[in-house]
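There are 6 protein chains.
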Amino acid sequence: MAKVVCFGEIMMRLNPEGYLRFVQAGNFEASYAGGEANVAVSLANYGNDAAFVTKLPDNDLGQCAINSLRQFGVDTAGIVKGGPRLGIYFVEKGASQRPSKVIYDRAGSSIALAKREDFDWDKIFEGADWFHFTGITPALGGENPQICLDACKTAKSKGVKISCDLNFRKKLWTSEQAGKVMGELMPYVDVCIANEEDAADVFGIHAEGTDINTGKISREGYIGVAKELSERFGCEYVAVTLRGSISATDNKWAGMLYKDGQACFSPEYLIHIVDRVGGGDSFGGGLIHALSHGYEQQDAINYAVAASCLKHTIEHDYNLVSEAEVKSLAGGNASGRVQR
Amino acid sequence: MAKVVCFGEIMMRLNPEGYLRFVQAGNFEASYAGGEANVAVSLANYGNDAAFVTKLPDNDLGQCAINSLRQFGVDTAGIVKGGPRLGIYFVEKGASQRPSKVIYDRAGSSIALAKREDFDWDKIFEGADWFHFTGITPALGGENPQICLDACKTAKSKGVKISCDLNFRKKLWTSEQAGKVMGELMPYVDVCIANEEDAADVFGIHAEGTDINTGKISREGYIGVAKELSERFGCEYVAVTLRGSISATDNKWAGMLYKDGQACFSPEYLIHIVDRVGGGDSFGGGLIHALSHGYEQQDAINYAVAASCLKHTIEHDYNLVSEAEVKSLAGGNASGRVQR
Amino acid sequence: MAKVVCFGEIMMRLNPEGYLRFVQAGNFEASYAGGEANVAVSLANYGNDAAFVTKLPDNDLGQCAINSLRQFGVDTAGIVKGGPRLGIYFVEKGASQRPSKVIYDRAGSSIALAKREDFDWDKIFEGADWFHFTGITPALGGENPQICLDACKTAKSKGVKISCDLNFRKKLWTSEQAGKVMGELMPYVDVCIANEEDAADVFGIHAEGTDINTGKISREGYIGVAKELSERFGCEYVAVTLRGSISATDNKWAGMLYKDGQACFSPEYLIHIVDRVGGGDSFGGGLIHALSHGYEQQDAINYAVAASCLKHTIEHDYNLVSEAEVKSLAGGNASGRVQR
Amino acid sequence: MAKVVCFGEIMMRLNPEGYLRFVQAGNFEASYAGGEANVAVSLANYGNDAAFVTKLPDNDLGQCAINSLRQFGVDTAGIVKGGPRLGIYFVEKGASQRPSKVIYDRAGSSIALAKREDFDWDKIFEGADWFHFTGITPALGGENPQICLDACKTAKSKGVKISCDLNFRKKLWTSEQAGKVMGELMPYVDVCIANEEDAADVFGIHAEGTDINTGKISREGYIGVAKELSERFGCEYVAVTLRGSISATDNKWAGMLYKDGQACFSPEYLIHIVDRVGGGDSFGGGLIHALSHGYEQQDAINYAVAASCLKHTIEHDYNLVSEAEVKSLAGGNASGRVQR
Amino acid sequence: MAKVVCFGEIMMRLNPEGYLRFVQAGNFEASYAGGEANVAVSLANYGNDAAFVTKLPDNDLGQCAINSLRQFGVDTAGIVKGGPRLGIYFVEKGASQRPSKVIYDRAGSSIALAKREDFDWDKIFEGADWFHFTGITPALGGENPQICLDACKTAKSKGVKISCDLNFRKKLWTSEQAGKVMGELMPYVDVCIANEEDAADVFGIHAEGTDINTGKISREGYIGVAKELSERFGCEYVAVTLRGSISATDNKWAGMLYKDGQACFSPEYLIHIVDRVGGGDSFGGGLIHALSHGYEQQDAINYAVAASCLKHTIEHDYNLVSEAEVKSLAGGNASGRVQR
Amino acid sequence: MAKVVCFGEIMMRLNPEGYLRFVQAGNFEASYAGGEANVAVSLANYGNDAAFVTKLPDNDLGQCAINSLRQFGVDTAGIVKGGPRLGIYFVEKGASQRPSKVIYDRAGSSIALAKREDFDWDKIFEGADWFHFTGITPALGGENPQICLDACKTAKSKGVKISCDLNFRKKLWTSEQAGKVMGELMPYVDVCIANEEDAADVFGIHAEGTDINTGKISREGYIGVAKELSERFGCEYVAVTLRGSISATDNKWAGMLYKDGQACFSPEYLIHIVDRVGGGDSFGGGLIHALSHGYEQQDAINYAVAASCLKHTIEHDYNLVSEAEVKSLAGGNASGRVQR
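Protein chains in written order, with my numbering: chain G, 4 to 343; chain C, 4 to 343; chain B, 4 to 343; chain F, 4 to 343; chain P, 4 to 343; chain V, 4 to 343.
Just so you know, these hints were derived from the structure itself, not from any lab. Glycine included, each C-beta is placed from N, C-alpha and C at the ideal position. Just so you know, not all the hints are guaranteed correct.
Calculated cross-link-like contacts (lysine-lysine; reagent style DSSO-like; alpha-carbon spacing at most 30 Å) [stated by the list, open to error]:
{"no.": "1", "chain 1": "C", "residue 1": "118", "chain 2": "G", "residue 2": "173"}
{"no.": "2", "chain 1": "P", "residue 1": "330", "chain 2": "P", "residue 2": "255"}
{"no.": "3", "chain 1": "C", "residue 1": "330", "chain 2": "C", "residue 2": "230"}
{"no.": "4", "chain 1": "F", "residue 1": "173", "chain 2": "P", "residue 2": "330"}
{"no.": "5", "chain 1": "G", "residue 1": "126", "chain 2": "V", "residue 2": "6"}
{"no.": "6", "chain 1": "G", "residue 1": "84", "chain 2": "C", "residue 2": "173"}
{"no.": "7", "chain 1": "G", "residue 1": "255", "chain 2": "P", "residue 2": "159"}
{"no.": "8", "chain 1": "F", "residue 1": "84", "chain 2": "F", "residue 2": "230"}
{"no.": "9", "chain 1": "V", "residue 1": "174", "chain 2": "P", "residue 2": "84"}
{"no.": "10", "chain 1": "C", "residue 1": "330", "chain 2": "B", "residue 2": "174"}
{"no.": "11", "chain 1": "V", "residue 1": "161", "chain 2": "V", "residue 2": "104"}
So these bits of chain V aren't anywhere near chain B, every CB distance computed over 12 Å [to be verified]:
{"no.": "12", "residue": "5"}
{"no.": "13", "residue": "81"}
{"no.": "14", "residue": "120"}
{"no.": "15", "residue": "152"}
{"no.": "16", "residue": "270"}
A short, non-exhaustive set of chain G residues, derived as facing chain V with CB atoms under 7 Å [unchecked claim]:
{"no.": "17", "residue": "70"}
{"no.": "18", "residue": "73"}
{"no.": "19", "residue": "74"}
Make the full structure from the sequences, and use the hints.
What follows is the structure, encoded as structure tokens:
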């Protein structure tokens, strides 16, 4: 059991039921999610001591977000109360040729307006083994780039491992801004996670021979990306998720874990999707679990990809699967026979 | 049929189903509402040519708000598209001794950030008979006080009647701010609408002998308030809603219409509440319909109070009743016998 | 256990959820109901051998109606398949001062177009103790008046008791038509059931001193009505339901049973209504159960009124209560304490 | 922006939730739809000035149908109020080897009983560019064949383009009746739309080498059908939808547009279906938009097929997609990647 | 029409909506099901006179189970009331690589604790043509093995055909226990039904060349299994279902019917699954219908497999399809085209 | 902030939606509840460090129960995993004259079968201020009476205050059994809580002049009961809830707190009920909070009654109100005005 601290934004997620479009929705399903919160829930579900740190408004909606984490055993003691509002995002689930759609309404949230003094990183990292954040958090702007830097420095000083999912969000900042800020944070990062596009968007590192719109993927290209990231920033591990979008309903899904010039690729799953939002985060959650428990490189990427494969079959962002379920799939049991 | 222009904010309203508290809600019912939009829908339902003017973000959520108005026949051609977001508010329905709760998340909305040049009042008021706004709109801040003044001046210059519901919102501004801004707008207002507390909160005009928390209401006190408002600002009509809160489930409801020193009181209804949010707005909608159609003073207040009594029996903010239904109740048919 | 045959129409009932108005409804709750079908279900729930006879279209919707009866143990073997459609009616639940609303869409239904030869009454009444129909069935028109006459004659010839609920529906026929047709059927009727208005609407027999809109009810007036009905048509029993509509939410409810010049009044219940549609039918169901089991006159009216009081607390038309539950209430246990 | 008038029936559509069968349904989702109303909504969604003309009962259900159109901006001013009822149809969604099922309950609707004098076509077509109807409307019987002829003649006389979707419904009329009536209307039609079977059912024109039950489709056969239709009736365009039913869940979907001896085929989409009802209508909506905006023949069929491909991913009949979304898919973006 | 008696347990089935996991469920869909009850409903739906025999608690939940059977016309007169509780089982629907999950909470149910004297088999089998039970019933323990033996002996003595689905449940008993008990019952069985694993689990009879986890199936292996079962116990027919689990969403499905050394295989269906629980039972229901109506061997297996293929497209356990629907699919109509 | 340990059973609660009866329910709302768990949640909501101790099956349903507690911040670290099943109870909400109905299905649950060695009370009470249990726990039988005694002895030895709600359940044990077991536990109890009937049912101590079925309540009678309980067992406090059942919808609600011969009565609330199950537990939760925080006797009973008054307005068992909300009502703010 590892003690992992995740830091970032948690939002209210609102989505119409089933495949209804926004303009048809008389109801929204409400859940709570965020890139780092999703990782914290994954880790708690695998039996780790996962803590989530953020700033939330001191009202019932902020409390709802806290409760959503507490129910899965995530430690929320480090969450600061205050500020104006809980960020919200709206998800419309796509199907077949119709893409899913996300509308963010996160500007002006309590965490976006947080101050450096809101967080006592020395105390937060007491007893911690691992610190995880994503590129979304500094992208929230305000003092968040500096807060992330504070966190990284403190973590490093205490021997806490650091993972970061690049998670580029073009609606939050430009590639230029991202490259500059992330470039300052990356030297602290031990494990760098990225999807097919992030390295290109943030650092201009392109996978040769790959076109994400056609689903054409070149293994060699991604090895090159990982090598470049690893060399430029000194990361111990670079992990990349490989999504092949056949349609909004069917995706291919795999991953690669690079270390010391060696790349391990997972098996590729063909997934009939229930809800793909949070898929990347669940990969991060699986990877941190695997690496913090000393898995071999191939086992680690297999675990992370199996975990995130399962996430695609689960509604809402949180990956509500156990370690045993992930291991069963990673071990090859993909037939989906009923468990009685 | 009168042509009425309403101007203000329309928001997404989210409420848990039934009597669930926020912390129990896995779903929110989504509807669209706002003080002036509610009036526009009331008026369209009575057969008027009602237009609603606002600024909405150019995304699916803004479109949802427009569609919610269009379905009832409200003219939305004057709505400006742009700006960052749709305001949201959350409603938790109370019951018995537990009060209803409203959480506003409206800061930074497209209308709050609107500019004077967004609205061409000359064009908007073409052919219009009536202009309605409430104290909420200037309270949104930014250029909205000035925009309201622009609208009032143009309306006045075109002979368009003006009604204003004071609608004080203490989370939007202070009594001092409200008094100053509303004091500048009131001289243009022909019909002033207020609830039991507004006149005191905005202009420091108190109803003697009344305590809204105990439900004790003095008719004389409200006549005094109306007289004072009428004299200070030259309003032709002053209308006041009189709510007696027995509990969150049962309310007494009545109203007064003052003109030229004469006050008419409606009958008082004892209401078993389905949803009381929008109750005051539905009073305004009924009153404007009555006055713009030349109702006698007593008939007008009776219509407005019957209309708003019915609103309390309807889910969400919009008052979805016809003129015939209001007239039936105003005419004394309150037994609720099944209409086959 | 009595064997009771009920004959009439069963329709699909569609109502918006909760207190939503028709114009707000994106969903309808679907159930199946009809004046005589409701009685059959009541009787089956009390342990009787209840049969329902009608004509239904030979499609899935007709089957749904049959299944809804079968689930409560009603014998549907006598239902004829054929004809064009299942009748439908839409219910909008009122609240407080807003009345409930019913829209019928029953024209052209299979039963409305049924033929005399569709029903073999000799076979249907084999072993039967009781036959029940209401004024709605002949009001459906076509051959239905004659079919009802066929049924009454056969029942009479076999010594089967006959009850009829006058149930005047002004959207189906005029008072003149009703008076003529019902006047021919009534001589066969042993037990005549009516609400406050039926006797006046159908036969011009008015309860003196009563105004159903104000809720003012004169006991003497209803005794007079019963006496007149009894004398004019030779009914053994005349039963009248007495509804005092305080609002769409709160009703007073009582009943009277008249026989041989003697009138017994039930206690009056003050009901907080869940769903009042089917209330009158549940009175009929209770009464037939009581009379066919030899209850004393006072006990019979008490049972019928307690049964129908309970119906008002149950969603949809069918009165889903057991004999024990009715007896408990009729016995005075009205406190509603939890039964663990 | 084209001004398009659509004429036909709009019904209430009731379907059980998800994949429930009729006999399992305790709830029905209620929406409003009809072959021509669906086209009107498509066109309004693409930014056109779409009007829908019909006759509806003057009750809340008729109003619901109007509201469903108004919310998407369809002009409903030309709808006539009156007549007995709103048509209804029930949809049970199929899956895999289980076909979807439709039960129509549309007989005796207000539009089926409409009179020629109900519609003032001169006024309706003021300023119009296009008139659309389908073979369903004359199939409703009564005066509808003549009303359609009135409309066609007036449209023609005013230079309004006319499109007609053959839309044969064997439950409404026979092939003989259809052939006779449609044969009189077709000479006015500029754009004829048909699915794989319509031409055979209505006019006995068969596609050689094709068996719709096996999914075997011969391109040459459909070119022959279009040529024959074009020559026989003088249509400028003939469009045919080509559905390959793999199962109730997975369909292949494509289309052909024929003009002057030249046939353009769209790409074929493999669709994982959300709701296929309304698929053909959405093809018509896309085609009218494309042709009325001067698209090239290949672009037009591509737009129409992409539009209707997307419809299959949307619940209920209306095709709630924007021009931009259709163009994105028509432009080749079929991977369904999340749009953030 | 055959008269078939089914004997076993009926439980409340609770499943979260859609693809929600147990830990996400704030609601459970409630239905009623059981291996033999499912067969009874299938048979009633095909028009047979199906009776279900069990013991149920004398409370509202037992009544719910009875009502669920009665609605489809199953004769429940033979159900004994008494004992402590209704068994429950919870189903979580899987998707793609995530398997479905079943949690049984059936211990201590009224049927598990039933006594031999509860059932008067002589009376139960009056007029019966067929008796069906499964291996689950004796596995419930207590006196159930003996009760099954009583039933078999009585049935045999009356010339009633007996079918048994081995249905091994490892949570109820061990292979050793099953082998011993079933070994005593099998000599009475005319038609033995098994899935891919049952014969191995219960009697140690393995299908050579088959691995159910990889989906690899050897036809020869299953013929060997059937031959062995037939010879060991003297069954007239042995039927085996053949499931190929591609994923929790997509399965291949076929079956084999063996008689007198001759094996007939059905076509194989590729099924996109709606709900696969009850799939095996629906095979039994189809097979009994076919064999009791004198179908040829190939027709019988085709009917049984088509019936159970359709079950996979229907929510909950009961197979709600008609004989016509099964015949249509068995006849080759698998394209799922809409039936209007 | 007090640290309070609660011990007992937590069950799955299943109730039909709204006012549906069991026989109408196609869905059950699932929540988790139990006499002592409800108290733990109350206390956590008031900001205390509340822990809940029980034994739960090691499956997803047990986990659901844990999650339901964790979401509100209850410490579940002391919960033991193992045993066969989670207890269940079914609730049917009554209305007006129809009582609510509870069906327990709790026999054989993991906690009912727990062993003394499952619980290490020395460790559980580390740092604890208060221990709470109810009469339900020993009534579960098996070793539970002895486990409760173990807990009481350890608590006493560590200076932990002990409260017990008598909570007699006639379906779990007889008055004789209860009297014997509770008589052994009561000497350890500092704060004894009872409803109107418990003292009579468990110890034969009757309130003179009171009839709970008629709602007639004698204050003197309850003072006598409290005096007797206090003297017989040496309790410091005796608290009694006083419910006046007007109907299933409307109740009067008050309470009394007795100490040293002095009885304080709270104000009486007239409650329009949303859900009354858990009402008594919420009284206990309020009382423990008040007494553990040193409230005066009158303030304590006022807090406890206000807290439990609010519970009646909240769906499901848990009392989801904050200390501020309770204080507001206890302070006299009962008008239910909207909180914006």
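Status of the hints after comparison with the structure:
Straight-line distance between C-alpha atoms of residue 118 of chain C and residue 173 of chain G comes to about 27 Å, which keeps the hinted pair within the 30 Å bound. A C-alpha spacing of about 20 Å is found between residue 330 of chain P and residue 255 of chain P, which places the hinted pair at or below 30 Å, so the restraint holds. Using a Cα cut-off of 30 Å, the hinted pair residue 330 of chain C and residue 230 of chain C holds, with the two alpha carbons roughly 28 Å apart. Pair hint residue 173 of chain F plus residue 330 of chain P holds up; C-alpha atoms about 23 Å apart against a cutoff of 30 Å.
Simply put, residue 126 of chain G and residue 6 of chain V have alpha-carbon atoms about 24 Å apart, close enough for the 30 Å limit, and the pair holds. Of the pairs offered as hints, the one joining residue 84 of chain G and residue 173 of chain C holds, with about 22 Å between alpha carbons and a cut-off of 30 Å not exceeded. The straight-line distance between the Cα atoms of residue 255 of chain G and residue 159 of chain P is roughly 56 Å, outside the 30 Å bound, and the hint therefore fails. A hinted pair counts as satisfied when its Cα atoms are at most 30 Å apart, and residue 84 of chain F with residue 230 of chain F does not qualify at roughly 41 Å.
Proximity of residue 174 of chain V to residue 84 of chain P is assessed by CA-CA distance (about 19 Å); at most 30 Å being required, the pair is judged to hold. Taking the CA atoms of residue 330 of chain C and residue 174 of chain B, the gap is about 23 Å. The hint holds against a cut of 30 Å. A distance of roughly 41 Å separates the Cα atoms of residue 161 of chain V and residue 104 of chain V; the hinted pair therefore is violated under the 30 Å criterion. At the 12 Å boundary, the C-beta of residue 5 of chain V stays outside the reach of chain B, the nearest C-beta of that chain being 30 Å off.
The claim that residue 81 of chain V is not at the interface with chain B holds, since no C-beta of that chain comes within 12 Å of its own (minimum 28 Å). Its beta-carbon lying about 32 Å from the closest one in chain B, residue 120 of chain V satisfies the requirement of being farther than 12 Å from that chain. Its beta-carbon lying about 26 Å from the closest one in chain B, residue 152 of chain V satisfies the requirement of being farther than 12 Å from that chain. Residue-level check passed: residue 270 of chain V sits 22 Å from the nearest beta carbon of chain B, beyond 12 Å.
Interface restraint check: residue 70 of chain G against chain V, minimum CB-CB distance 4 Å, threshold 7 Å, status holds. At its closest, the beta carbon of residue 73 of chain G sits 5 Å from a beta carbon of chain V; the interface hint therefore holds under the 7 Å criterion. For residue 74 of chain G, the interface hint holds, since its Cβ comes within 7 Å of a Cβ in chain V; the closest pair sits about 4 Å apart.
The structure fails hints 7, 8 and 11 (numbered hints given earlier, in ascending order).
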